[in-house]
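Visitor: Sequence positions in the sequence shown follow numbering that gives the first Met the number 0 and run 0 to 1108.
Hints may be right or wrong, so weigh each one.
25 Å max Cα-Cα, derived SDA-like pairs, lysine to any residue [said to hold, decoys possible]:
1) Lys-512 to Ala-542
2) Lys-746 to Gln-722
3) Lys-805 to Lys-746
4) Lys-798 to Leu-843
5) Lys-527 to Thr-539
6) Lys-423 to Ala-239
7) Lys-987 to Gly-930
8) Lys-714 to Gly-693
9) Lys-974 to Trp-927
10) Lys-527 to His-538
11) Lys-820 to Leu-863
12) Lys-798 to Val-779
13) Lys-604 to Leu-873
14) Lys-820 to Asp-830
15) Lys-220 to Asn-426
16) Lys-840 to Lys-855
17) Lys-892 to Leu-873
If you're looking for bench data, these hints aren't it; they were derived computationally from the structure.
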Amino acid sequence: MGTQRLARLVPTNKPKIGSRSCSPLLVPGANACFILAADGARGVLPPDPRKLSVSDEDAWVVATVIRGPQSGHVRLRRDDAPPGVDIEVERPEAEVAACSIVSDSEPTLAACEDIVGLGDVNFGAMLHSFRLRLEKDRIFTNIGPVLVVMNPYRPVDSCAPSTMLEMAKKTSASTDANDLPPHAHSSVARAYSSMVQGKHGTPQSVLVSGESGAGKTETIKLCMAALANISRSTGSTTEAALESGLLLEAFGNAMTVYNHNSSRFGKWCALLAPFCRAARISSGVIQSYLLEQSRIVSAPSGERNYHIFYYMLAGMPEPLRSQLYLVGCKQVANPSTDKEDNPGKVADAAALSVVADLLGMKQKELEAKLTTKVLKINGPSVFSKRLTRQGSTYTLALSPEQCGDTRDAVARAVYSAVFDHVIKRLNQTLGAGSIAASDRRSIGFLDIFGFENFAFNSFEQLCINFTNERLQAQFTDSLIKRQQEEWKREGVHCAHISFPDNAGQIELLDNSKGGVLALLDEECAVPKGSDEGYVSKMHTAFASNELYCKPRRGKGAALHGGKPGVVTKYDALQFIVHHYAGEVQYTASRWLEKNRGTLHPDLPKLLAGSSRPLLASLFAERAAADETKRATVGASYRSSLRALSQTMAATTQHFIRCIKPNMEQRPDHFNGQVVSRQLRYTGVAAVVEIQRAGYPISYTHASFIGRYRCVAFDKPELLAMAQSDPRQCCAGILEYAQKLAGDSAPKEPWLESLLAQVGATKVWLRAEVLNALEVPRRSVTGRAAVACQRLARGLAARKLFLVAVKHASGVAAVRVCLANKDVAGAEAALDKLHAQWESSKAALAALPPEQLAGGKVAKMRAELNELACEVQDLKDRVVLSWESGDRYEGGWKDDNPHGKGTYHYADGNSYEGRWAWGVKEGKGVFQWAAGERYEGEWADDIMHGEGTYTFADGSSYKGGYCRGVRHGQGTWTYKDGGHYVGTWEAGKKHGRGVYTGQEGNVVYDGEWKYNKEHGEGTFYQPDGGFYTGTFFEGKRHGQGQYTSPAGEVMFKGEWLDNKPVTSGSQRVAAAPVAPAKRLSLTTKDKSASDQSELVPTPSTPRGASAAAA
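With the hints as extra help, turn the sequences into a complete structure.
Guide: Structure (structure tokens):
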């Protein structure tokens, strides 16, 4: 294994594995070393056990210094060798001494959530931290304000729904979104917090970028799900916004050589919320950019067409295929990829149907009537065209090649129109435009195609890479360039930091007076323009531009990154652009045709006249327009891209960089060279420098004074300068706050050591100063909050006390009238009590929620309702007697007891409680003449709910009843003091329960089945010994263990019929006794039927005539 590893790293001079003296392994220049001499002096490097970063073909690996310089070289041992294998290298002393040491331990690097916070940040340490974090599935890492997402190429727990819900709980519990751990959820939480707290609803944007296959689309899904959780948004609009991704992926994503789910269009999705405290998402709008149309008719080798075609063919039943004439349809994919079918495409097709229903779109609208037409175009569909010259119309036959071009143009136009229609319908479902622009907040998500560099790069790749140039410029301008320019204007002293600036690339591509895209538009306007003429003009125009060159020939023909050399067939059509992400060689084959994007005027009219209403409507507007006056694809795209850039520039931007750990999409594989390249050219490495050297936090003078004036509340002379000299006031607050910050604050003076600076209009702070400032601020605001709470609670208590006093007085008045059976007086007192409550509403509204819901207020309201029922019962009160001897006194309605009343039976039994239409309903007490009593809940004349049954001998049951029998959780207390606590079923002990003896000692703890011990349990003997194991119908039976009173295990094994199954040599307890008595009820334990019989009904039929007592 070690030999293979070394052979790959170094083609020659294979070392002796395991040896301590190996010849040099790494070729100087090809593999640079990134370490620092231990004592900081050049030329002197003693043995050092510390970890160092060494680069090779995998870019930075860890090594340890094992021997100081000898003959000008230093010996290192690589730490990435397999177990039992040593890989040692020697490097020139000068190279070693010029590099940096990795001072943080591996646990520190793996746990580091923000690279800026590392003790000694260098590129090797940063890269190694990413490597270690990916190994532990920590795919999210902060670099200052930028979130870096490392694509794991497999499911990880940090992206699971349960984790998202946990993050939502942390967000709601956190007072500051900046304190949350690195995660897509945290980035969205910061954006949402900024949107809600902004006085004017500052629009926010989450910009996700990265190469193709870096995980941008999945990250966007996480972000949108997080927004729904954070904003607590629910309903059809939110669900449609979350599920729209699947629909757009079906129509706009395809498999490429770098990504199995590559977005072939750009998307800006803005989710909108109205101005209100809740700020829940209620509508949205989606804009698409540059759908790759050429893929519709010709997918590149090794790639696929759009997913929707495969979903259709995989999920469509045979009868429907026959109906749509697709039984013999030509497969959309290349033959080479047909064997690698996605096993989940049938499930995806079913999911797509569900999503279509959710979005209010019929499945046939998506595919059956329109998209299938693209599949069925197998041969020339149009054989002629018409031309009009000087009033005459001519019909010209088309050549086979022209017929094929026309067919492809129609297929592209139809599919593009369907895609636009899907976007339109999505926006209708999302309620785009339902909230006025002046009355809404917004968070936008940008999902744009990643940078691409294939063996054959066409017009689409140029537009895609131009988009990434624009996005990179937005990133650089927002986080680096604009920051340094503002520091200069503010007069803030900060070292200049170099950064990758791609302004030259944008000028080359987008210059309206001679850029690459402008020259293409000019060539399209030339009557006999050609691809060759276009490339020739670029060679001339950009001959001196270092960002543009002709293809290389000969030995240097291969492009950087191991790309193959140029293809001879397209020599005259090729050119190279030096993008910010590297060189890309483009082939301008059929670029003029792609850029024009027009159809022959006959074709839109033909499609507009289709018998299919939807197809006709899609082309009706285009048929009426002049096709020759349409803007070119390039011009239209440049215009929309500028508008998008302006939209993003007007928002507060939150950046997420997605990184590919390797090019093969392999899980758990980290290629340092691939990651290193992405971190460098995207400017992420420069962000580390600017965050550590600069000031990541800033406040305007007014905002700073407003936030931290509480710190200096006892310095009125300082705060008095807030209007006259705000700059001096800010400086004074900083100086005073440092005295209060405590030991955690930086010791050196903040302003003198440039840890904080007060600029012309803003205060600029390092992160450690901000943290120190928050210490006294939280202390002051905490004390103030406690004081405010104390005052508020005192005021609420006084208000509640006054209301309670009035309420108690009113209740007493009603009670007196009820006792005297004064109906008129009771009604008057009750009306007065209701009036008191109405007048107290304002006072009660200011009370804390806990007092309103479950405190005194709720109890007083319940008492008021109960009094109202009792007054009504008094109004309806009757006293009746029957010839049988039964008597009734209480509420009466429709010839039946109703309300509160007392029924005395002739046999001596009685019931006092609530009635409903002649049956016991609600709470009541039934007393038997024999001395038994039930007090609790009733339903339909039967004990049902919670209640207490007391027997004549003193035993009792307290717990649940169901239809007259004990059921649920309950406690049986025996007359001798023992009791059972557990579950009941059908009137018997059943389930988990504990029987305790009269002395309070536990006798049995375990499972029961219909009044007998059955299942797993523990039986405790009076002498202290106990049995733990299985019981069967009240006996020890099965696997169990008997332990003596001394704690010694006397027997462990099989038991049968209450006895251990032993062999002659086994030691058994002398006499493990059975339970002292049967644990079933020994007192009068009535069955369900018995209890039902104990509840007699009135002997006189309901509604019968009765004599008033």
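Visitor: With reference to the structure, classify each hint as holding or not holding.
Guide: Here is how each hint holds up against the structure:
For the hint pairing Lys-512 with Ala-542, the CA-to-CA distance comes to about 16 Å; that is within 25 Å, so the pair holds. Pair hint Lys-746 plus Gln-722 does not hold up; C-alpha atoms about 30 Å apart against a cutoff of 25 Å. As the CA atoms of Lys-805 and Lys-746 are separated by approximately 61 Å, the hinted pair breaks the 25 Å bound. Distance restraint check for Lys-798 and Leu-843: the Cα-Cα separation of roughly 8 Å lies within the 25 Å cut-off, and the hinted pair is therefore satisfied.
Of the pairs offered as hints, the one joining Lys-527 and Thr-539 holds, with about 19 Å between alpha carbons and a cut-off of 25 Å not exceeded. For the suggested pair Lys-423 and Ala-239, the alpha carbons sit about 14 Å apart, so the restraint of at most 25 Å is met. Of the pairs offered as hints, the one joining Lys-987 and Gly-930 holds, with about 23 Å between alpha carbons and a cut-off of 25 Å not exceeded. The straight-line distance between the Cα atoms of Lys-714 and Gly-693 is roughly 30 Å, outside the 25 Å bound, and the hint therefore fails.
For the suggested pair Lys-974 and Trp-927, the alpha carbons sit about 19 Å apart, so the restraint of at most 25 Å is met. Annotation: proposed proximity of Lys-527 to His-538 holds, straight-line Cα distance about 19 Å (limit 25 Å). The hinted pair formed by Lys-820 and Leu-863 meets the criterion: a straight-line CA distance of about 18 Å does not exceed 25 Å. Restraint check: the Cα-Cα separation between Lys-798 and Val-779 comes to about 29 Å, which exceeds 25 Å; the hinted pair is violated.
For the given pair, Lys-604 sits about 85 Å from Leu-873 by alpha-carbon distance, which is inconsistent with the 25 Å threshold. Only pairs whose Cα atoms come within 25 Å are accepted, and Lys-820 paired with Asp-830 is accepted, the gap being roughly 17 Å. For the hint linking Lys-220 to Asn-426, the alpha-carbon distance of about 18 Å falls within 25 Å, and the restraint holds. Between the alpha carbons of Lys-840 and Lys-855 the distance comes to roughly 14 Å, so the proposed pair stays at or under 25 Å and holds.
Between Lys-892 and Leu-873, the direct Cα distance comes to roughly 12 Å. Compliance with the 25 Å bound is thereby established for this hinted pair.
Violated hints for the displayed structure, listed by number in ascending order: 2, 3, 8, 12 and 13.
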